[in-house]
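Colleague: Now for the letters of each chain:
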Amino acid sequence: MKPPRFAYHAPRTLPELLETLNETADEAVVLAGGQSLLPMLNLRLAAPSHVIDLGRVPGLDSIASTNGSVEVGAMVTHYRMETDAVVAASVPLARRAAGYVGYRAIRNRGTVGGSVAHADPAAEWPIVLLALDGEVGLASVRGWRSITAEDFFESVYTTAKRPDEIVTSLRFSTRCAHRWGFSEFQRRTGDFATVAVAVACAVEAGEICEARVAIAGVADRPVRCREAEAALVGGSATAAADAAEAASDSVDPISDIHGSSAFRKRLVHAETLRAARQAFSANEAGARDG
Amino acid sequence: MTTEGAPRFFGARVPRRQDDRLLRGDGRYVADINPAGVLAAKFVRSHEAHATVASLDIEAAAAAESVKAVFVGEDFAGTEMRCVSSYLGFQESAQPILAVDRVRHVGEALAMVVADNEYLAEDASELVVAHLDPLPTVVDIDTALDAGCAPLHPGWQHNAFVRRQIETYGFGDTCSAAPHRVSIELHNGRHSGIPMENRACVAEHDPGTGRFRLHTTTQIPHLVRAGLSWALGVPESLIQVIAPDVGGGFGVKAQLYPEEVACCLAARRLGRPVKWVEDRREHFVAAHHSREHRHTVTGYFDDDGTILALEADIAVDMGAYSVFPWTATMDGGMAMGILPGPYRIREYSVASTSVCTNKTPYGAYRGVARPAACFSIERLLDQIARHLGVDRVEIRNRNLLSEGDYPWRSPSGLVYDSGSLLESLDAVLELGDHEGLLKRQADARAAGRLVGVGLAVFTEQTAHTTQEFKQRGVPIVFGYETAKVRLDASGTAVVSASIHDHGQGLETTLAQVAADRLGLDLEQIRVEYGDTEQVAYGAGTFASRSAVLAGGAVTKAADAVADTLRLVAAHILEAAPEDMVVESGRVSVAGSPNQFLNTSELCRLIYQRPERLPEGVEPCLEASRTYDAHPGTGAYTNAAHLASVEIDPLTGKSRVLSYAVVEDCGPMINPTIVEGQIFGGVAQGIGTALFEEFLYDQAGQPLSTTFADYLVPVMSDIPDFRVAHLQTPSPHTIGGLKGMGEGGAIAPGAVIASAVEDALSHLGTVTVNRLPLTPERVLGYIDAANGSGASS
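Quick note, the sequences are listed as chains X and P, same order. All residue numbers for the first sequence refer to our numbering, where the first residue is 1 and numbers rise by one. All residue numbers for the second sequence refer to our numbering, where the first residue is 1 and numbers rise by one.
If you are wondering where the hints come from, they were derived from the structure by calculation, not from laboratory data. These figures come from a predicted structure and were not determined experimentally. You may find that some hints are simply not true.
Derived CB-CB ranges, DEER-like [to be verified]:
no.: 1; chain 1: X; residue 1: Thr158; chain 2: P; residue 2: Gly780; range: 32 to 42 angstroms
no.: 2; chain 1: X; residue 1: Thr83; chain 2: P; residue 2: Asp521; range: 41 to 51 angstroms
no.: 3; chain 1: X; residue 1: Asn108; chain 2: P; residue 2: Thr306; range: 54 to 64 angstroms
no.: 4; chain 1: P; residue 1: Thr765; chain 2: X; residue 2: Ala241; range: 21 to 31 angstroms
Here a beta-carbon is modelled for each residue, glycine too, at the ideal position from N, C-alpha and C.
Using the sequences plus the hints, can you model the full thing?
Modeller: What follows is the structure in structure tokens.
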């Protein structure tokens, strides 16, 4: 469990970083908090020739509320998402989800940009992005572009990011931030989710007019469940149960040592039910429920 | 011997003296040891569970940067590891140092790459290409024992290392006459101790003298030396084994491993020190496994629940090889012996099979078979209670041994020396607020929640020595431990003991014992262990024996040294030796406290002014003693555990809400250390109950090879503990001490299974019989309970 040999780069500016990445693109990986990359290197699941460290590049760690959205720099840590006042006020779903990422030591070092670039299908940030109609900002020597969360995540550890690009920011829309729920099944506190569900709803005249339901841990990427979303709109008495039923029916998860497909479908039911109930309740920043 | 005043340190909550060093990072572990010119080894391991080795392509690796050697099976072919039981019919296995023509489990070493550092060694190891021709794999007990299954070792008749059977004379008649019987089949997941520090060793060989020095992560330095001596064909005088600070053992490190032999052989071949530091991925497949038992137990009982007879069929999946020094019979034998547990059971029939499969070999883990035995007998007691509609506490009260039963000769031939079973059960109900738990359970049920209460009682054989181990058929009988006590001219003492402290706190507790016997302060005592050149012969630390045996040996040796102090002081003070009192840094005359010599002054006189010694007394304040806790049948600790558990009805996830332990290990040298052992043991037991399992697929591929897949309990899974003590001394041991290092880990599986079953009892009847209780398994029990109709 020692990494293979690689060249280490520590650029001091974004242009320098992008230039280095451009020169090494196909053989390089970008190091942010290192919470996923370093284990992959040590297990030799990744063997890049170049590792480019973002740690000394300024300007990638701001959190800003703009009109209708919150923009978060890629190097913002999970811990800051958990504690930042702008996040808490504008996208409380993101704040809640941050507390489920690993445990404190991981949240202190791991970054939101690193998480979405890594694209683990069981991770929290991808479903939060999906639920909040988010976008991912990308930069390269060719310029800057933004891509919707739905288009960004392609498969396990695979995204629309090109090899010469880095993730610079995440943008969360506040349109659906009014009512929300987040529920996750972890074997132990701090584990990867077996299943996690994020629910975000827009409210008009006291009624849920738009709902977004995103699920982690059931496919090769985070998925939205339109049937569950439809069940939540209007908020009937059985909406949460209907959404849970619909979500569970819509997924076809794999079986592995952490659970059979049938078990995961039941978890989708349970966690969707809980997330939807949270969305229907007052959504005060309450204690995490199990 | 003069009776001294009350002990100053025995029984005191003295802080662990090693913690300051360890917590500041000043510990010295094997990985910290770097002799000049040291090379790094990396093992290439089999990716097949069972295969013939067609060829190994090592050329590219041998030519890689800084590589000094690539060793393969033929290089070490003259050396192999066997651990042979003397039981009739035992089938021997020969474990190669590096596989020669066949591999028998994923993770078995095929080649050893030695290079300048670990990085380059690992780079080169990836260039070794192993051509393996797969053979049919055997990954479960039933397949292994099927008559059509080809034996896994040459010359074998079948895939059992050994089969054993015992039956009491009256068993058959008693069963036929019994009005009731209940049977249950129980499964325990394969798992292990998972120390924080992986294994590691550094081997050096001096060509001039032929001497080996091996620094290694072991609990048993002398036994490692003995095993190396056999494997290498070198006398023990030429082998020094040193276990410095060791980061947890739990039984995993109580074994001689092929890697230790390989590093010694490589160091001799290359003329340079060779170091190997195991990584965690290797640890999961190459450090031994444990705990995988399958039991079928049947209880025969009368109308009021009195157990008349017990029948058991035990099978243990021992993996591919019989390991040194335990043999592949250890768990099966221990389970046979202790399965009747703390109950007044007189008739017993048991068969036990140690099964060979294509899995990582199997060795000791804290509790050795007792967690499985406790799971079986306690689950059986719960089934008997349910069958008769009797309360779970009441059924135990009717069957537990009581004071008048001791010494109790169990139907398997164990002799329980003493205990407080009924008292501990009573006390734990109080300590754990049984009544309150039941009330909260009723409230929770009314609110649609699933809350259960579980309990277990057990007796634990500890500090067993000659009598026990000679029956176990092991090649070395672990009959005693040794301690040397030496007072120097400045009046401070060095205690050298044959045990090892890798978390047990013996560095502190042995100092407490010695300080009292020598009348010194703790700061004046240094305890050393772990280096075979420094300490006298003994077995090491395992089987809840070190405080009793090393404590006893320290007592004897310190008393012998104190006797010399008395003789000389009496001579100088012109008093009778039997009137001398050794305490508080002085040797004084009983009844005349003003007549005294400071111990430090006395020590100086003895070493430096020999003309002041009485005739016939040597200027030597040193004694070495062994202690065997005669008659060697063991000192029996007992405990009762009570817990409550809540289950998420939607996901099956269980959470331990409360946990209480009342245990009786006799007089305690240091209650804080005893409690620390209980906390740690219960935490590991919660892993047994809820989380830990090495899973394999049908091809014998291990599926749990990182901490993302093999789950140990974390802080948030551990409830607050309540612990209380009873103190019933053993009639067999010095000070009445009993061992207790393993106890905490024994009961949690039984307790939590009992609680989960109880949590579902209002839904319907299910029998919880498989550990660990993963959420998916618990959901299965919930479904079964819901489908079984209303409970009785």
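Colleague: Do Thr83 of chain X and Asp521 of chain P keep their Cβ atoms within the hinted range of 41 to 51 angstroms?
Modeller: holds (49 angstroms)
Colleague: Is 54 to 64 angstroms respected by the C-beta to C-beta distance linking Asn108 of chain X and Thr306 of chain P?
Modeller: holds (59 angstroms)
Colleague: Is 32 to 42 angstroms respected by the C-beta to C-beta distance linking Thr158 of chain X and Gly780 of chain P?
Modeller: holds (35 angstroms)
Colleague: Okay, Thr765 of chain P versus Ala241 of chain X on CB: inside 21 to 31 angstroms?
Modeller: Cβ of Thr765 of chain P to Cβ of Ala241 of chain X: about 29 angstroms, so the range 21 to 31 angstroms holds.
When the structure is compared with the earlier hints, no violation turns up for any of them.
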